[in-house]
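Visitor: Residue numbers (my numbering), protein chains in the order written: chain A, 1 to 578; chain B, 579 to 1180.
Keep in mind that the hints are not guaranteed to be accurate.
In the SDA-like style, the derived pairs of lysine to any residue whose C-alpha atoms are separated by at most 20 Å in a straight line are [as the list claims (entries may be wrong)]:
1. Lys469/A x Tyr715/B
2. Lys713/B x Ala395/A
3. Lys1082/B x Pro1062/B
4. Lys873/B x Pro933/B
5. Lys666/B x Lys479/A
6. Lys713/B x Glu475/A
7. Lys479/A x Phe931/B
8. Lys479/A x Pro1062/B
9. Lys777/B x Ala478/A
10. Lys469/A x Pro933/B
11. Lys1083/B x Gly988/B
12. Lys713/B x Ser738/B
13. Lys777/B x Lys479/A
14. Lys469/A x Asp928/B
15. Lys1083/B x Ala478/A
16. Lys1025/B x Lys469/A
17. Lys479/A x Trp731/B
18. Lys479/A x Arg416/A
19. Lys1082/B x Ser437/A
Read the hints as simulated data drawn from the structure, not as lab findings.
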Amino acid sequence: MSSPSLCRSLTLLPHRASWSLRAIVHLISTHQLTCEELARYCHSTAVAGDQVWELGAFSRISSWEDIAQAARESDQRRANQEQRSPLDGIPISIKANLAVADHPLTAGSRILGAFSNSDHNNHNVGYNAAVVQRLVEDCGAICIGITNMDEFGMGSLGTNTSNSKPTKNPLAYLTSPPPNAPEMTLAEIVKHDPSDILKAHQEQQQQDQTNNNNYAAGGSSCGAAASIAHGSSLIAFGSDTGGSIRLPAAWCGVVGLKPSYGRLSRHGLVSYASSLDTVGFVTPTVDCASMVLEELAADKSIPKDSTSHVYSTTQRNNKPQETITREEPTTHDSSNHPLQGIRIGIPAAFCVEECPDAVQKAWTQGANDLADAGASVVHLSHDIVSPEMIQQSLAAYYVLACAEASSNLARYDGFRYGVAAETAANDTNDDNDERSSLHRQYAATRTTGFGLEVIRRILCGTAVLSSDKFHTHYEGAAKLRALVTRQLHNALETHVDYLLIPTVVSPPPCLDEEAVDSTAMFANDIMTVPISLAGLAAVSVAPDTATVDGVVGLQLVGHRLDEERLLEVARYLARQAT
Amino acid sequence: MMRLACPRHGCSRRLYLRSTRVSQLPSLQAQSARSLWTVHSETGIVSWKKEPRFQTIIGLEIHCQLDIPTKLFSSYPTSNNTTTSTAKPNSLVHPFDVAVPGFLPHASQEAVQAAILTAAALQCQINTTSRFERKHYHYADLPFGYQVTQQRWPIAQNGSITIMAPHTKKKNKKQQQQSSSQQIEVGIDRIQLEQDTGKTTTSLTRNHNNGSWSTRSLVDFNRAGAALVEIVMNPDIRSSQQAVRTVETMRQLLQHIGTCDGKMEEGSLRVDLNVSIQPIDTTFVPNLQNRVEVKNLNSLRQVQQAAEYEAMRQAMLVTESTMVTFQETRTFHVKSGQTVLIRSKEGDEDYRFMPEPDLPPIVLDETVLGGHNSVLDYLAEYLPELPDAARERLAQEYQLDEYTAHVIAGDPPAIRIFDQAVVTAQTALLPDDNSSSSREIAQTVAKFLCNDLFALIRDEEDRRRAYEGAVADNIGEYSNITGPQLGEIVVLLLNGTISTTMAKKLLALLYQEELGQSPLGVAKRHGLQLISDHQTLERLCHETLEQNPEQLEQYRRGGKHVAKMKKFLVGKAMSHSRGNAHPERLHEALEAVLEEVAPGVQ
């Protein structure tokens, strides 16, 4: 299954083309690998990445005892032919804003006890998010750890973490393999001893000391993408509000699926901007994403939130994009033209000035790949998707997201849960302070508990919701959102079946450079935000040979609730590497 | 008439320091003149030295906790539920209720349905699509930092409620005319579904180390997230008494349709009072555009006191200090009977309303309406006959007097019992007995229902309350007597089988001992049957005459004693029968016996 020539210089890390669910599941079901061996490999890789490289992918790694026990149970079930699903025993990671019963739920924020040394503040949350319940409890996957994130999902670089330690992009360590690298199969790699893995990481660290390897992993699901790129888990759950899965997936050279709004239940997700928040996941390949989606789609439990679509096959079949259904095989050999009859739209409006050549090149290459597979590529003019709308959607996004964030984060006052400021609220000598002691306590807790970016967005949201700005700002943004949504839906309903656009406007920035100002960072999201506003499904795919200074991703955008077919088409996009 | 209580000086000074600026304090003279202000509780006219100066204008906002099994957005029960009213603080709290991250709302269909019923009972226009919004403010008993409510798209709007004049049992014509002019129509601006907050209890605690005092607040979240409807009325009310009657009518109406238990003392129904005044003499135009809101009144008495105090306070303020009245929010202090400032307009919060993104709009479709296609279909099945309609029907169809019709119409189970009893009695009596008219039957049923049956239920309720502490919502609900049973008793009465006294005794027996039995059977078993047999009655009369020879002798003498003696002898014969003789038959029997014993007496 694995091609030895693809192994990186760090020979103990598999290349992501072989680091795939289907390959791993095959090895396990053919008894070439046990779940315990797999779990040990992932756990030691996670620990080594954390301790040696200081990747900062995880905010909390589960104890080996817990992981080992779960893995042995999986092995037992598999031995008894009682596995809960094909994913039984597969190591996964969970973003810090999704509830995992035996971990604290922090959303990467100090106000919820993130990075707190005191156990007093670290209560386990005691319930599972809907996707965690499905994958871990129903399907038997194993949670390796909780991944790092920009606080409350606010950030595009993975730098807004409350311990001020950004997540590093693992691609920086994964350089091309030396010609004399020993050839190893995937099973051989995984079966390595933890001490070997640690040693390999140390050697790599020493080798690379001269190189700058401090690149941004992207945000906010920085830890999720890093854990997949590094190889410490096979599925990483995250959340995407305006690009938080797609952007880090693109920069870490992996695959990130942002399902359409409401496709996966938000139960257990810490709300940032409720009308935009989606739960999604990062995987090494498109095929892995299909396998995960299949398991999630089989979940028949009633959603615990009110904005989930009750998903059924009838609903999917009634969707208007019946046009996607491939035409009857023509004289062509259909295996060479599997995408025959599918129209891929290239909206010129997304061709922004900021796009460097690397991005343009990747975009063209992606379109060619899909065309090679038989799809017809259609250029969408400015009449269909207007560039002004795309530019303005960024502003609309930040108004709406900040407004909803200021509301959703109003609950964090340190009284019922989380961390309260230590200052005694009553001792004020300021006679001009007209606030009640309760409000002083709120202010103290929220000032120390929230990071700067979060405070900035809360203040921005509070401003746009105030009675003198609501009609101009909030309502204006809502109108823009409706217009963007209409344009994109119209493009997908009448002109093409999918849209192909870049995920990012640049390769990952180096974190040692001068700090980028936060407004400039907003521009990073211009490719992803319009899709979020419209609630569409999108998958970001990156070439698996890219190096950290040149990696960009492409996102394929599809109809609401059409993730399965979206991934089918995206497979051909991923082929560009091979 | 209520005279403004003149509080002790220190006390009132403090109040005024808090409600107005020090420089604008009313003068001391004004203070002594304060007791000359009066307000009429029925007309709402504020007078100075008995001279009318201002008209009180009142608008109400009523918060009703919906009587449904769960909270508005979570599956936990509310504390006002009868089974959970004694729950410990913070024992009925779903993680959602205290805003634990990751838990999202799910709107209760029962709440939406109860809101629809409430809106229909208040003649509102019901919106098939309405939306939830977030109203932001920070307080310890508001876990999310916002309250989910409806602002721009409420579930219903533009309704009205008719408030009757006070009911007295007997009225002469003049009073009746007056009362219909006192009947008022209060407009309903809107009805909105919203979440309740938790409860904060503040107490003074003493620091044992340095003896200083500090306040300590505790929050109970049992109530947090309970489903409320807020009913916002137009300022159509003119006096404290009208305000009280409006609240009371609303309370009865909600109990009637079963959407709110109406227990003001437990906070299930809370009133916000908006009071302003308007000069009667239009040449005097002070700035009176601003209304004052008095929050959270928990009894009818508080509503009355707060309305009257506020009217007089504002009248005095604008007259004696030539000040404008501020738009402000006040609270009612029960002990002093005064209102106290909470916040003035300057400190008014910006609630930053925002559409609730976690909840889709409420669309009144088949799912929400429990399988019904339209709101009308739903109402046809679930909205009981409303008190006004029932009262009109009872008064017209059966010519019941206004008071009786009102009493029965206010209680849906009572209407049911009444209707069933009348049908039973009419079926049995009307075809072959023209002596009892339909009207007579209905009135007899009404009399027994309102006087005798209600008394029995109340007695039992008193005992139950003493035992369990529970209070009945609707009297008729607890009746041990069914409509057909009551109808049968009336049949027995009207067809001469039993007397009125017997009927009352029979009712009590059926209610307390012979539960579910047939009235006729019970009457027979307990000897409750009038003696109508002529021979038996004649024998009874003979015996009576033998026992009263002197009176018989007087009768025989004839002349002026005849009528008197006959009456005396009937009475004696009746008591000899222990009251069981059929009065008319007995009369006939006595006539016959007297004719036989002393023929020809005139």
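Visitor: Decide, hint by hint, whether the structure agrees.
Guide: Each hint, compared with the structure:
1. Lys469/A x Tyr715/B: Answer holds: Lys469/A to Tyr715/B is near 17 Å, not above 20 Å.
2. Lys713/B x Ala395/A: 24 Å, violated
3. Lys1082/B x Pro1062/B: Holds: Lys1082/B and Pro1062/B sit about 16 Å apart, inside 20 Å.
4. Lys873/B x Pro933/B: Violated. Lys873/B to Pro933/B sits at ~26 Å, over the 20 Å cutoff.
5. Lys666/B x Lys479/A: Measuring from Cα to Cα gives roughly 47 Å; hence the hint is violated.
6. Lys713/B x Glu475/A: 16 Å, holds
7. Lys479/A x Phe931/B: Given pair Lys479/A, Phe931/B holds - Cα atoms ~17 Å apart, limit 20 Å.
8. Lys479/A x Pro1062/B: Outside the cut-off at roughly 63 Å; violated.
9. Lys777/B x Ala478/A: 36 Å, violated
10. Lys469/A x Pro933/B: The hint holds at about 15 Å.
11. Lys1083/B x Gly988/B: 26 Å, violated
12. Lys713/B x Ser738/B: 26 Å, violated
13. Lys777/B x Lys479/A: 39 Å, violated
14. Lys469/A x Asp928/B: Measuring from Cα to Cα gives roughly 11 Å; hence the hint holds.
15. Lys1083/B x Ala478/A: Violated - the C-alpha atoms of Ala478/A and Lys1083/B are around 73 Å apart, more than 20 Å.
16. Lys1025/B x Lys469/A: Violated, because 64 Å separates the two Cα atoms, which is more than 20 Å.
17. Lys479/A x Trp731/B: 18 Å, holds
18. Lys479/A x Arg416/A: 37 Å, violated
19. Lys1082/B x Ser437/A: 66 Å, violated
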